[in-house]
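Engineer: Same order as they appear, the protein sequences are chains A and B.
For the first sequence, full-length UniProt numbering puts the final residue at 440, and the numbers step up evenly by one.
For the second sequence, full-length UniProt numbering puts the final residue at 270, and the numbers step up evenly by one.
Calculated directly from the structure, the hints in this document are not laboratory data.
Just to be clear, a hint being listed does not mean it is correct.
Said to hold, decoys possible - Chain A residues, not near chain B, derived (Cβ > 10 Å throughout): (1) ASP119; (2) PRO407; (3) TYR417; (4) ALA424.
As the list claims (entries may be wrong) - Quick look at which bits of chain A chain B covers, simulated, 3 or more residues with Cβ under 8 Å: (5) 78 to 87; (6) 228 to 236; (7) 316 to 326.
Every residue gets a Cβ at the ideal spot worked out from N, C-alpha and C, and that includes glycine.
One-letter residues, chain by chain:
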Amino acid sequence: MKQGNITRRELLKFLGAAGAVSAAGSLGIAGCSRNGAPAGRVIVIGGGFGGATAAKYIKLFNPDIQVALIEPAERFYTCPFSNLYLGGLRDMQLIGHGYEELKQRYQVEVIHTLAEDVDGSAKTVRLADGRVLGYDKLVLSPGIDIRWDALEGYDQAAAEIAPHAWKAGPQTKLLRDRLEAMEDGGTFILSAPANPFRCPPGPYERVSLIAHYFKQHKPKSKILLLDAKDAFSKQGLFMEGWKAVYGDMIEWVGLSDDGRVVRVDAQAGEVETEFGTLHKADAMNIVPPQKAGFIAVRAGVIDTTGWAPVKPQTFESKMVSDIYVVGDASVAAPMPKSGFCANNQAKVVAAAIVADLDGREPLEARWTNTCYSLISPDYGISVAGVYGVEDGHIVETAGGLSPLGAPADFRQREARYAVNWYNAICQDTWGTSDLPLALG
Amino acid sequence: MTTTIVTRFLRRTVAGLSIAAALTLLGSATAYAAPVWERFEPVKALLDGATPRTNGIGLDIPLVSEDGSSVPLTVTADSRMRDDDYIEEIHLFATRNPNPEIASFRLTPHTGLARIATRIRLNETQEVIAVARTNSGEYLVSSREARVTVNGCLTRADTYDADNIMNARYRVPNELARGEIGEVLTMINHPMETGLREGADGEIIPRRLINRFTATLDDRTVLEARFNTSISANPYLRFHVRPEEAGTLTLAWEDETGAATQEKAPLQVR
C-alpha cells in the first residue's frame with residue numbers, strides 16, 4: 001500500500017529507528033497489537049459513499065482494527081449518475097457497486113442485513129437477524145429517509161405512482177418507466193424541496209437529462225420544475241445551459257412565483273402549489289422533504305431538524321459519544337449533502353477513530369467537494385469547495401464555479417471530467433474498476 | 001521530510017491543547033453573560049426601561065440556513081387575543097444586519113392568533129430578536145441565534161423580473177365557522193431593494209421597499225405591517241384572522257415609490 005512515496009512499512013521502520021514510535025500513531029498507522037487482539041472494534045452502518053469509504057480507510061490506516069459493515073443490499077446503486085440512467089445514457093448495472101474489495105482486500109466483515117437498533121450506552125447494535133454486536137466506535141452513514149408526513153397526499157403508496165427516485169434503485173427504474181410510457185407532447189413535472197436535501201444540484205441535472213431524452217424521442221414534451229426555493233445550486237449555469245440546449249422545453253417556477261408544492265394527488269396526476277394553483281402532469285417526480293436515515297433516530301443522534309449534529313473536527317455526534325455520523329444524515333453545512341462530501345467526511349472520521357483508539361488527538365480536518373452536473377452528454381458544469389473548521393464551525397475556505405458563457409469545448413471537457421470523477425470516486429469507495437469512459 | 005511532519009504534528013497538538021483550555025474559560029464566561037437583547041440598543045430603546053418576560057413567546061428559525069437571502073421565521077406569542085387581553089405589537093430585529101429593524105406588526109383581537117411567519121434576510125450568523133407588547137403594555141422577548149452558511153453549491157441569479165413587480169397572491173380559507181381562526185397567506189412580487197448593493201454597472205441600485213402592508217376585514221383592522229430592508233424579496237406573510245361574520249378581507253401593499261396594490265378576498269363564515 002503506497003502512501004505518498006514511501007510505503008507504510010518503510011515509514012514505520014523509519015519512525016521506529018528514529019525512536020518516534022508514538023508519533024507513528026499520529027499518522028494513522030499504529031503498529032500491531034501485542035497479543036493479537038484487535039486494536040478496536042468498529043461497526044459501520046450503511047454501505048454508500050460514506051460507510052464504504054469509512055470501513056475501507058479505517059482498515060487502511062490500521063489493519064488491526066476489526067471492522068464490520070452492515071448493509072442490507074449486496075449492490076449499492078448510486079444517486080450520482082442515476083440521472084444518466086433516467087436520460088437513457090447509462091445502464092442501471094453501471095451505477096451499482098459491490099463489496100468484494102472491502103471483503104477481500106481490506107478484510108472488512110460485510111454483513112448483508114438491516115441494523116435495527118443502536119444502544120449508545122451499552123454500545124451495541126442489534127441486527128434484523130437477531131444478533132447483537134458490540135462496538136468501541138460506531139459509524140453511521142444511513143443516508144436519507146423520506147419524510148412521508150411532510151407533503152399532503154405523498155405517502156409510500158403515492159410514491160409507487162409518482163416516484164421520488166431520490167434513493168437509487170427500484171424507484172429510479174419506476175421513474176424511467178413513467179418517462180418511457182409518456183406520450184410525445186406530454187408534461188413532466190418535477191417538484192423540488194426546500195433546503196437542506198440530498199444532492200442540491202440533483203433536481204436540476206435530472207430535468208436536464210430528462211430533457212435530453214425528450215429531445216431525442218418526445219420533442220414536443222414540456223418539463224415543469226416546481227421549486228420550494230428561489231435560488232438553487234449552479235442556477236445561472238443551469239439556466240444558461242437549458243436555454244442553449246433545450247430552448248424553452250424546461251420551465252422553472254420558483255418559490256416566489258408560487259412554485260412550492262403543498263399537495264400531491266398521484267392518482268389524478270396533479271399537484272397543488274402554496275397559493276392554490278393546480279398543475280396537471282403526464283408523468284411526475286416528487287422529490288419530497290427528507291431527514292436522516294432511521295437508524296440515526298434509533299441511535300438518538302438527531303435533533304429537532306431531523307438531521308444529526310456533529311462535532312466538526314471529527315464528525316462525532318454532538319449527542320452520543322463514540323458514534324460518528326457521515327454523509328447526508330449529518331449537519332455539515334456549508335458542505336452539501338453529496339456523495340463526494342460523504343466520501344471526504346468518512347476519511348476524516350476514519351482518521352479520527354484510528355487516532356482515538358490509539359489514544360491520540362485527531363488531526364486537523366479539511367474537506368473538499370466537487371459537484372459535476374450534466375446538462376447534456378456534451379455539456380458539463382461544476383462547483384467546487386474547500387472546507388475547514390473556524391471557531392468551531394465548518395466554513396468554506398475556497399471554492400468556485402464553472403464560468404458563465406464558456407465555449408462549447410469547455411463544457412464538453414467538463415462533461416468528460418464528470419465521468420472521470422464518477423469512475424474515480426467509485427473506485428475509491430467500492431473498488432469498482434471497469435467503468436466506461438464514454439457517455440451515452 | 002518525515003521529521004518535519006512529526007514536528008508539525010507535535011506543534012499542532014500543543015496549540016490544540018491551549019485552544020481547548022481557552023474555550024473552556026470562554027464557555028464559563030458566556031454562561032454568565034447577559035442575553036444579547038439586554039445589550040442591544042434598538043431593543044433597549046423599545047423597552048424604555050421595562051423588564052420583559054422571556055416566556056410566553058417563541059421564535060422559530062432554522063439553526064442553520066444555507067441561503068441567507070431567504071430565511072423562514074415564525075414568531076408566536078401565547079395570547080387569548082380577546083379585547084381585554086391581546087398582543088398588540090410584534091417587532092423583529094436582526095442584530096448584525098445593516099438595518100437591524102426587520103419589521104413591526106400591529107395585531108388586533110381580530111387576528112385571532114398571535115403568530116406571524118415571514119422570510120427574512122440575514123447578512124451573517126447572528127442573534128435574531130422578537131419583542132412583543134401586550135395591550136396592557138407588558139413586554140415579551142425571545143432571542144435565537146441563526147447560523148448562516150454560504151453554501152458553495154448555491155449561487156443565485158442577481159436579476160429581477162421587473163414585469164411581475166407588485167403582482168400579489170393570497171390564500172384564505174374557503175369557509176370558516178363563526179369565531180374560528182383561519183390562516184391567511186400572502187406574497188407580493190417585489191425586489192425589496194435595500195439601497196445597499198451594486199448593480200452589474202457598479203452603481204448602487206436605489207432603495208425600493210414595500211414598506212407597508214395592511215389586512216382589514218370590512219372596516220376592522222386584522223394586521224398592519226411595516227417592513228424594512230431585512231424582509232426578503234417577494235415579501236411573504238402568514239398570519240391569522242378570526243371573523244365573527246362574513247366579510248371581505250382587503251389586503252393592501254404600498255411601496256416607497258408610491259406604487260400600491262390591493263386584493264379583496266371574500267371570507268365565508270357559516
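Engineer: For every hint, state whether the structure bears it out.
Structural biologist: Here is what the structure says about each hint:
1. In this structure ASP119(A) is separated from chain B by more than 10 Å, as the shortest Cβ-Cβ distance comes to about 27 Å.
2. The beta carbon of PRO407(A) sits about 21 Å from the closest Cβ of chain B, which is more than 10 Å, so the claim that it is off the interface holds.
3. Its beta-carbon lying about 17 Å from the closest one in chain B, TYR417(A) satisfies the requirement of being farther than 10 Å from that chain.
4. Its beta-carbon lying about 20 Å from the closest one in chain B, ALA424(A) satisfies the requirement of being farther than 10 Å from that chain.
5. Figure legend: the segment 78 to 87 of chain A, annotated as covered by chain B; annotation inconsistent (0 residues with Cβ-Cβ distances under 8 Å, at least 3 required).
6. Given as covered by chain B, the segment 228 to 236 of chain A passes the check, having 8 residues with a CB less than 8 Å from a CB of that chain where 3 are the minimum.
7. A count of 0 residues in the segment 316 to 326 of chain A with a Cβ less than 8 Å from any Cβ of chain B is obtained; the coverage claim is therefore unmet, three being the minimum.
In summary, the numbered hints that this structure violates are 5, 7.
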